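> Take a look at the letters that make up each chain.
2 protein chains.
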Amino acid sequence: SRPQPAVNFADRGMSLEAEINASNAYYLATNQAVIHKKPTPIQLVKVDYPKRSAAVVREAYFRRPSTTDYNGIYHGYYIDFDAKETKNVTSFPLKNFHQHQIDHLAACLKQGGICFALIKFTRLTAYYLLPASHLITAWQKQAQGGKHSIPLATLKQVGIPVQLGLHPRLQYLSAVDQLIARQKGVNHE
Amino acid sequence: SRPQPAVNFADRGMSLEAEINASNAYYLATNQAVIHKKPTPIQLVKVDYPKRSAAVVREAYFRRPSTTDYNGIYHGYYIDFDAKETKNVTSFPLKNFHQHQIDHLAACLKQGGICFALIKFTRLTAYYLLPASHLITAWQKQAQGGKHSIPLATLKQVGIPVQLGLHPRLQYLSAVDQLIARQKGVNHE
Ligand SMILES: [Mg+2]
Ligand SMILES: [Mg+2]
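As they're listed, the protein sequences go chains H and V. With positions in the first sequence counted from 1, the corresponding number in the UniProt record's numbering is that position plus 16. With positions in the second sequence counted from 1, the corresponding number in the UniProt record's numbering is that position plus 16.
With the rest of the complex left out, here is chain H (with noise of 0.2 Å):
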């Protein structure tokens, strides 16, 4: 059989982060969107300071983030994600998520923002965004002894397929007008 194009091969094994990232970087660029990853946040705990040239951090640690990974702004809405990957091919585990997002999700949905979780299947190349709603609904169920993961099927009907093309290659402000659609006139002026 023919080899695939050798773009699918680089495409196949970049990382969602990556490729958020990239669609970010278009949007801001064509002044479709304002959305930023935020920086890992670190604990210093020792840093140098030579003369004559720049600090140097000697001792730091990673720390959990108290938030999501990306936040911004697109036509006007305050957009709150988190981007999540599985090798899972039948389901979601939600031990992906930490409490700490989930509560931040529910604060940011309480103040009228478009928040959800972006989930890339990698072994389908299958992209969906989930709802916050019905991410916190999951996470609240499996605390009372509901399913541990957000099967592919719910996935389906729930979410909303984020569809690849060529600029930028992940197209997810169309997932988000989407969810904006969803959202309008519930909470939302």
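Just so you know, the hints here were simulated from the structure itself, not pulled from any lab data. A few of these clues could be false.
As the list claims (entries may be wrong) - No more than 20 Å apart at the CA atoms, straight line, and that leaves these computed lysine to aspartate or glutamate pairs for DMTMM-like:
#, chain 1, residue 1, chain 2, residue 2
1, V, K53, H, D64
2, V, K54, H, D85
3, H, K53, H, E33
4, H, K53, V, D119
5, H, K53, V, D85
6, V, K126, H, D193
7, H, K54, V, D85
8, V, K62, H, D119
9, V, K62, H, D193
10, H, K54, V, E33
11, H, K100, H, E33
12, V, K172, V, E101
13, H, K54, V, D119
14, H, K62, V, D64
15, H, K126, V, D119
16, V, K54, H, D193
17, V, K53, H, D85
Note that the structure is a prediction, hence the values are computed from the model and not measured.
Starting from the structure of chain H, add chain V with the ligands where the hints point.
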């Protein structure tokens, strides 16, 4: 003369960032807004992964942030701002800003965000919210031979004073309410 209450001495030395963080914690706890400081971006060079303990950063450098200090959501509005302190007593020097920050504020403003600088005159214990539109204009004029600072008198005219109170001490959302009222009908649905 009688000494001031101890709390005032403590507050006097509090950095603007610490004051804003305290306000944000209060606003979050009381479900009024979800606004966070973004972590400082760090360029990692060397990270050790010792067995049975946490990863340790052994060499890293501070990167200049490409956006602003704070963003989040309040009443459905995207909020984006930078905090700046000055020891000056008659004007605010524009050199406190970088081109990246101005570009970021301009891009967020274009998307309908509520964008501003929160300026503290440390020697006056005076705080002003300067709308991004005015900041951007002053910045652009500077490149065309304009002033390198914004006079306090101008800030009193075009800015919105931020009041101190008890809970939270720095009541900056009241100033944000006034900025929203100004912008309403201009670029928010
Ligand atoms: Mg993530
Ligand atoms: Mg600052």
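> Out of the numbered hints, which ones does the structure contradict?
1, 8, 9, 15 and 16
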